[in-house]
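Trainee: Here is how the chains run, residue by residue.
Number of protein chains: 2
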Amino acid sequence: MSAAAGEQGVALTLDGVGALARRVLRAAGLAEDHAEAVAATMVAGERDGCASHGIYRLLVAANTIAKGRVVRDAVPVLAEPARALAKVDGGGGFAQLAFERGKPALIAKARAFGIAALALNNVVHFAALWPEVEALAGEGLVALAFTPSHAWVAPAGGTRPVFGTNPIAFGWPRPAPQPPFVFDFATSMVARGEIELHRRAGKPVPADWGIDAEGRPTTDPVAILDGAMRTFGGHKGSALATMVELIAGPLIGDLTSAESIAADGGAGASPLGGELIVAIDPAGFLGDAVADHRARAEAMFDAIEAQGARLPSSRRYAARARSLAEGVRIPDKLYADILALEANLTA
Amino acid sequence: MSAAAGEQGVALTLDGVGALARRVLRAAGLAEDHAEAVAATMVAGERDGCASHGIYRLLVAANTIAKGRVVRDAVPVLAEPARALAKVDGGGGFAQLAFERGKPALIAKARAFGIAALALNNVVHFAALWPEVEALAGEGLVALAFTPSHAWVAPAGGTRPVFGTNPIAFGWPRPAPQPPFVFDFATSMVARGEIELHRRAGKPVPADWGIDAEGRPTTDPVAILDGAMRTFGGHKGSALATMVELIAGPLIGDLTSAESIAADGGAGASPLGGELIVAIDPAGFLGDAVADHRARAEAMFDAIEAQGARLPSSRRYAARARSLAEGVRIPDKLYADILALEANLTA
Numbered sequence: 000m001s002a003a004a005g006e007q008g009v010a011l012t013l014d015g016v017g018a019l020a021r022r023v024l025r026a027a028g029l030a031e032d033h034a035e036a037v038a039a040t041m042v043a044g045e046r047d048g049c050a051s052h053g054i055y056r057l058l059v060a061a062n063t064i065a066k067g068r069v070v071r072d073a074v075p076v077l078a079e080p081a082r083a084l085a086k087v088d089g090g091g092g093f094a095q096l097a098f099e100r101g102k103p104a105l106i107a108k109a110r111a112f113g114i115a116a117l118a119l120n121n122v123v124h125f126a127a128l129w130p131e132v133e134a135l136a137g138e139g140l141v142a143l144a145f146t147p148s149h150a151w152v153a154p155a156g157g158t159r160p161v162f163g164t165n166p167i168a169f170g171w172p173r174p175a176p177q178p179p180f181v182f183d184f185a186t187s188m189v190a191r192g193e194i195e196l197h198r199r200a201g202k203p204v205p206a207d208w209g210i211d212a213e214g215r216p217t218t219d220p221v222a223i224l225d226g227a228m229r230t231f232g233g234h235k236g237s238a239l240a241t242m243v244e245l246i247a248g249p250l251i252g253d254l255t256s257a258e259s260i261a262a263d264g265g266a267g268a269s270p271l272g273g274e275l276i277v278a279i280d281p282a283g284f285l286g287d288a289v290a291d292h293r294a295r296a297e298a299m300f301d302a303i304e305a306q307g308a309r310l311p312s313s314r315r316y317a318a319r320a321r322s323l324a325e326g327v328r329i330p331d332k333l334y335a336d337i338l339a340l341e342a343n344l345t346a
Numbered sequence: 000m001s002a003a004a005g006e007q008g009v010a011l012t013l014d015g016v017g018a019l020a021r022r023v024l025r026a027a028g029l030a031e032d033h034a035e036a037v038a039a040t041m042v043a044g045e046r047d048g049c050a051s052h053g054i055y056r057l058l059v060a061a062n063t064i065a066k067g068r069v070v071r072d073a074v075p076v077l078a079e080p081a082r083a084l085a086k087v088d089g090g091g092g093f094a095q096l097a098f099e100r101g102k103p104a105l106i107a108k109a110r111a112f113g114i115a116a117l118a119l120n121n122v123v124h125f126a127a128l129w130p131e132v133e134a135l136a137g138e139g140l141v142a143l144a145f146t147p148s149h150a151w152v153a154p155a156g157g158t159r160p161v162f163g164t165n166p167i168a169f170g171w172p173r174p175a176p177q178p179p180f181v182f183d184f185a186t187s188m189v190a191r192g193e194i195e196l197h198r199r200a201g202k203p204v205p206a207d208w209g210i211d212a213e214g215r216p217t218t219d220p221v222a223i224l225d226g227a228m229r230t231f232g233g234h235k236g237s238a239l240a241t242m243v244e245l246i247a248g249p250l251i252g253d254l255t256s257a258e259s260i261a262a263d264g265g266a267g268a269s270p271l272g273g274e275l276i277v278a279i280d281p282a283g284f285l286g287d288a289v290a291d292h293r294a295r296a297e298a299m300f301d302a303i304e305a306q307g308a309r310l311p312s313s314r315r316y317a318a319r320a321r322s323l324a325e326g327v328r329i330p331d332k333l334y335a336d337i338l339a340l341e342a343n344l345t346a
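Chains as they are written, first to last, in numbering that gives the first Met the number 0: chain A, 0 to 346; chain B, 0 to 346.
Worth double-checking, as some hints may not be accurate.
Covered by chain A, according to a simulated footprint, are these stretches of chain B (three or more residues, beta-carbon under 8 Å) [claimed, not checked]:
(1) 126-138
(2) 146-160
(3) 179-185
(4) 227-235
(5) 245-256
(6) 275-281
Take a look, some chain A residues computed to stay more than 10 Å from chain B by CB distance [claimed, not checked]:
(7) R22
(8) P330
(9) A335
Simulated from the structure, these hints should not be mistaken for lab results.
C-beta atoms are modelled at their ideal positions from N, C-alpha and C, and glycine is treated no differently.
Next comes chain A alone, as it looks inside the complex (with noise of 0.2 Å):
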């Protein structure tokens, strides 16, 4: 979705995204709060070059908020069912804000017991993780994030969807200016939303990315859309998705993803659904020692990095220097859609 090097594309800067972003929000209904939480991550995908997590998901969030399908001003509720645990129920409200809710307390129980844990509960989902493990690396813990979605990933093995994409992220503090180590990845092998560009250019897509509703492997992006997807890595894959689906649907009370998309009923909105998040402070097992313990992390990224691989968050970190330094282009297409969705909403 972003533009090409060059002058394409509408030139703002990334405090011009946000109020954009909130403005479309707050025209499609959101209340303030949420609305504010949401337009955060979309500034954070734009400004990391994660053009496909950045304000082309107002375009998704509107669907989902036209149909329905989440309540706009749900007040999230944080409660506190054992020592080392939180959860928020979101009310059917955007995660995000549940997150901020939680947050505090999480970091808080993190500090207090060595490890904790916050489940988000009732929310509706169409952002990365990211964000959130970032934002807890930040404040110096380790953390741990995983969602279900819908069910359209077939098992290892299988033919028919049972697992939602699935993502697993996680952040680890560095040292200034380092910023952490995150990843953040779905446990299909490919996001879905890159088998809807494939549809959309009429092109196929690989012969290991999903099957037909029938089971057969295909190449067509219709079929597999109408079909399964698969996991990555195969049966390993399956296995973490299964995982997923347990630790942030039943283990804490929340739907999986077949439940999720059957609750769609259709509408072809965000899923509904938990997350898990997990946060560990270093200094619980390492006490004072946890900058000569990071060194040594340091020096794996550096045996990493050494070799000409990447870790994984590299290309985030430099297109977000590069964001802050010039700002953004945001494609033509793309910015016109906004703008007709929100001549559109406050008509």
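Chain B: place on chain A using the hints.
Mentor: Structure of chain B alone, referenced to chain A:
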């Protein structure tokens, strides 16, 4: 390693396997409590048809003992560095006894706080992680386990070893009579033993298993053993391998795989280092609704198996049922090698 069907090999009861393992481990100089704990995991491996983690490992353990790379009578010491954290200093002994000493504290803390973690430090690892997560799931807890090993695996996009085979194991309690849902897999493309087996057989390996010492793709197992293995699942598997290094290495004050193989100094002993085990009590989030939500997990397992896909542990559990009824058969050559080792040790 397991005997072919029919009457090949030496028939043993599981008690017989355990007695043999304890006898050899004692003969090798292992203290009684260590011999018990180590033998129990070998019996579990043999019982579940995991021959590479069965009594074949007597040869591996004896080698590490003979090379002076494990403390034969180490006394594991339990500490509680934070309220929801426990750690056991294994004193350079095998990991099994350290886990046994830490397990009650981990279980108690998970139940008291909702989530807890146990670090094993300064332990020698040669066994699978599934016996540990299965034991915790047997207590009604959700469990995750991670450990680095020796640096044998290159990062995605790289050419030189940084990671160990870095397994990830997960256990989920299921209602009786179902045994827990358990997986345990290396984040390398295959276990190192698979490449060893191809080397012994003089057979090439698939092209995606590893690279030679110059970083070039190769199907020669010898070249890979001198070069580097690959992670499974490309950059996603590589990200997971990095996470395992971090959370079961520097986070708990223990060695990375690169540090472990450096400490080995070419001796070829089993990896020395740490392990992280996380346990979550479903009752923490769910209170008295555990059974209801566990039933929803069962519905997902049913949806997987109804389409002909297997749950990760199904083959192990099927082998277990057979072994418990009929005992096991040990290949003649392996049995002879073990008796020869024993004779050597007691000579």
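Trainee: Each of the hints needs a verdict: does it hold here or not?
Mentor: Here is what the structure says about each hint:
1. Counting residues of the segment 126-138 of chain B whose C-beta lies closer than 8 Å to any C-beta of chain A gives 0; at least three are required, and the coverage claim is violated.
2. Only residues whose beta carbon comes within less than 8 Å of a beta carbon in chain A count, and the segment 146-160 of chain B has 7; three or more means the coverage holds.
3. Look at the segment 179-185 of chain B against chain A: 3 of its residues bring a Cβ nearer than 8 Å to a Cβ of that chain, three or more, so the hint holds.
4. With a cut-off of 8 Å between beta carbons, the segment 227-235 of chain B has 5 residues touching chain A; three or more are needed, and the interface restraint holds.
5. Evaluation of the coverage hint for the segment 245-256 of chain B: fulfilled, as 8 residues show C-beta separations to chain A shorter than 8 Å, against a requirement of three.
6. As drawn, the segment 275-281 of chain B meets chain A at 4 residues by the rule of a beta-carbon pair under 8 Å; at three or more, the given contact holds.
7. No beta-carbon of chain B comes within 10 Å of the beta-carbon of R22/A; the shortest separation is about 36 Å.
8. Look at P330/A: its CB is around 26 Å from the nearest CB on chain B, clear of 10 Å, so calling it non-interface holds up.
9. Under the 10 Å C-beta cut-off, the non-interface status given to A335/A relative to chain B holds; the minimum distance is some 34 Å.
In summary, the one numbered hint that this structure violates is 1.
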